Each structure stands twice: as structure tokens, then as C-alpha cells.
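The chain contents come next:
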Amino acid sequence: MKCVTCRGPAVIDIRRQNANYCVEHFFEQCRRQVVKAIDEWKMIERSDRVLVAVSGGKDSLAIWDLLIELGYQADGFYVGLGIGDYSDVSHAHAAAFAESRGLKLLTVDLPSEYGYDIPSGSRAARRAPCSACGLSKRHLFDAAALDGGYDVLVTGHNLDDEAAVLFGNTLHWHTEYLGRQLPVLPARDGFPKKAKPLVRLTERETAAYCLLRGIDYLVDECPMAVGNRHLSYKEALNDIEVKSPGAKHSFYFGFLDRASALFVPEAEDDRDGLQPCLTCGAPTPSEVCAFCRLVDRAGGHQPEPVPVELGSTRTRSTP
Amino acid sequence: MKVILRNPRRELEITGPRTVINLLASLDLNREAHLVMRDGELIPGDAALNDSDVIEVRPVISGGFR
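Going down the list, the protein sequences come from chains E and D.
So that you can map any letter, position 302 of the first sequence is 302 in my numbering, and since no number is skipped, the others follow by simple counting.
So that you can map any letter, position 47 of the second sequence is 47 in my numbering, and since no number is skipped, the others follow by simple counting.
The following block holds chain D by itself, in its conformation from the complex:
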């Protein structure tokens, strides 16, 4: 599957099938700090991802000194 990451933006090819939770773990990304979308739609941690999917992993942490 194609996985799009942000900040900085980059793309990776990851093999499926795997779950969202497994994908984040394999990328060493914290579940609390990211959302995962398939075709622009938010999907939960147990969603099954396949080789044909286009996935965006969006970080949610933001902020300087506020």
C-alpha cells in the first residue's frame, strides 16, 4: 500500500495486509499522536489495510509556546 506521511511530507510503500494499529507500530508512530485515513476517510485502529490502499497518516501534535 502507499502510505503518505506529513511534516515533512513523504511517501512509503508498505506491504499488507495489516491493521492500522500494526501499521503505526511498524512505522514507530505513537497511536495517540496520529490519525489514519483511507481515501480521505478516517478509519479506526482495527481497520484492515490492503496492498491496494492509499493511506494518509496525519500527525495531530501542534503548538509552540501558547
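Here chain E stands alone, though its shape is the one from the complex:
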């Protein structure tokens, strides 16, 4: 295979574009897609202070790297979830990336600062682990962006993530969520501006970007996420993508172009009924927000052993 731009040896084929790229022109292609997303949806201004939600995985490290390469001022924010070795290793990847580039990484640790970890806390609160994790991260990301005076909160959601969420929301007709599934959400009372500059890249491309840039990311999947519905939606969409290259792109961007506006009024109605949480002040439809209720129910429980498998020889439970 030859690079579509320079005809040199290609290192990656991207079937939905019917194109192959050498290393240099693959980087150029990734930067071009991120710039296009930022410009099209007015995600980030040149003078903005950006906070990147960083997990230590490929997507968050790729977008942090790309934003810095493109000249933006971007700090990182990491949430320690208390998922045994998995969290220790993911933090190490995020910290090493920041240190190697002289970047600022802010960190919040759930067990030491809020008294719970995701495995035991989700069980105590009778929530699915991925639900407790998502709720905790969203709340802490918003708070960190607002408290730190950042203009934009950036997350590493890619095309596969967005197509899979859209697939799930459409499959179950969660119309109240469809109106919020946009690449950028403006700042509102109690919420920071949020942007997803990777929506034009697949996770195969973000992984390739990290490999070729020499970014050492956490390859292992979260042990709590194995078998969840989100992953099964991604698999289903990739089965379609193999037979019909470009299907994920046309599904998601077709929704944005032709359907998303239909669902915005319902999402706006949901947000109009919000009031400050009596405990923390975050916007909530209840007296106390879901995060503070989670902290109340989950805090103070003993850590729960989680089977964690990292690499070929390290299979063990967390203490």
C-alpha cells in the first residue's frame, strides 16, 4: 500500500476514506480532522484555557497531544477511580505523558478525597460500576473546569464512542439524550463549555496516532467495563463498518446534519428545571444531586477486591 499523498510506503489503511497514509501524512490527516471539528463547531478559541479530561488511555492522551501540537494552552485532569492496579497504571501513564512534555496534570482521587472507590462504591449505591464511574467523572470534570476558570472542558470521545452512544439512544429511543449528543455544548449555569474534538477520528486512528507518536498509553481494558452494552454496540457497528466502510461516519454525522435539532427542545426542557444542589451547588433536578447521593451511599465502605489482568504475568486481585 502507498500513501495517498506522497506515494511512499503506507503504515495504515483507512477504508472509510479509501486512503492509505505514511507516518507523516497520517499525522497531518489527524491534525486536519481535529482542526476541522474545532472550526466547524467553534469548539475552542485561540485564547481559551482548555482542561482535558485524561484517563491514561489512547483517546485522552491523543487529544491532549494534538491540542498542544496545534498550539492550544491545555492542562490535564485525572480522576483516580480506585480500581486497583488498573487505576495505578492508568495514572502512571497520564503522569508520565504530562511530565515528558512539561504539562500540568491536576488529579483528584476518589478513595482518599470522597471515601469510596468505584468497585465497592457502586455496589453500596446499587449502581452499575460504569454508571457510578460516569457519574463521578462527569461531576468532577465539570467542577474542576469551573473551579479552575477554564474556558472549555475537552474529552477524548471519538467517532466510535459517539456512534455507539447514538446507536444505544436510538435503539431505546432515549429522545431526551439525543438532543444533547452534540460535539460541543455551550457553557450554562453550573456547566462548563464541553467539546469533543476527536469526533472525526475513529479509535483505530487514535490508537495508531499514539503508537506512531510514541505515546505510551494504557492498552488494557477497564476490568469493570468488560461485557457492558456500550462495548457490544461498538462491536455491532464495527461488524457493519467492515461490510460498509463509512457506515459509522454517515450514521453519526447524518444524525447531526439531519436529525439532532429535532431533539434539542426536549433536552432544553430537561435543563430548564435544574436547581443548585443543597450540598455542593451543582445543577440538579432534585434537592441533592446524584453525585452527592452517591458519595453519601458509597462512602466509608471497605475496598472490594477486583480481578485485574495487566500484561502476561500480572493477574491478581486488588487488596
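Read the hints as simulated data drawn from the structure, not as lab findings.
Being a predicted model, the structure only gives us computed values, none of them experimental.
Positions of the beta carbon are idealized from the N, C-alpha and C atoms, including for glycine.
Keep in mind that the hints are not guaranteed to be accurate.
[Claimed, not checked] Quick partial rundown of chain D residues pointing at chain E, CB under 7 angstroms, derived from the structure:
(1) N7
(2) N30
(3) E32
(4) A33
(5) L35
(6) G45
(7) D46
(8) V60
(9) I61
(10) S62
[Said to hold, decoys possible] Sample of chain D residues with no beta-carbon within 12 angstroms of chain E, all distances over it, derived:
(11) E13
(12) L49
(13) S52
Chain E is fixed; fit chain D onto it per the hints.
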């Protein structure tokens, strides 16, 4: 060739020669969900693999509820 798989990590012996596309098909792995490396270097779908190669097949799908 030696083929290293991840999540969970395991190793297989596969006979060559074959292409990357053919290797993934023979392992019933989706091309959209994996990258293939030889000696740590990313290689495209038509790259020819031989018996002496050490190949890593890396899954790229990740994420819980985000």
C-alpha cells in the same frame, strides 16, 4: 509466526506466509477494531507476514459508560 494477542494477553503460533488482512480473518478479528504491529512497528493490511515474524495484534476498542 508468533502472534501476541491482548485483553487477555496470550500467544499463538500461526503459519505463514499470509497478509495482515488474512491473519485477522483467520483469527476472526474485526479489521476496524485492531491494529497489527511487527517488531513494534505499525503495518498496513496488505503487509506480508512470514513464519519468522513476531506479530502483535492490538485491540483498539475501549470504554465503559462515558
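Structure-based check of each hint:
1. N7: Nearest chain E Cβ about 5 angstroms off; hint holds.
2. N30: 5 angstroms, holds
3. E32: Holds: closest Cβ of chain E sits about 4 angstroms from E32/D, inside 7 angstroms.
4. A33: 5 angstroms, holds
5. L35: At 6 angstroms from the nearest chain E Cβ, L35/D passes the 7 angstroms test, so the hint holds.
6. G45: Nearest chain E Cβ about 5 angstroms off; hint holds.
7. D46: Status holds, d = 5 angstroms.
8. V60: Since chain E brings a Cβ to about 4 angstroms from V60/D, closer than 7 angstroms, the hint holds.
9. I61: 5 angstroms, holds
10. S62: Holds, about 6 angstroms.
11. E13: Holds, since 16 angstroms exceeds 12 angstroms.
12. L49: With a cut-off of 12 angstroms, L49/D remains clear of chain E, as the shortest Cβ separation is near 14 angstroms.
13. S52: Nearest chain E Cβ is 20 angstroms from S52/D, so the label holds.
Checked against the numbered hints above, the structure violates none of them.
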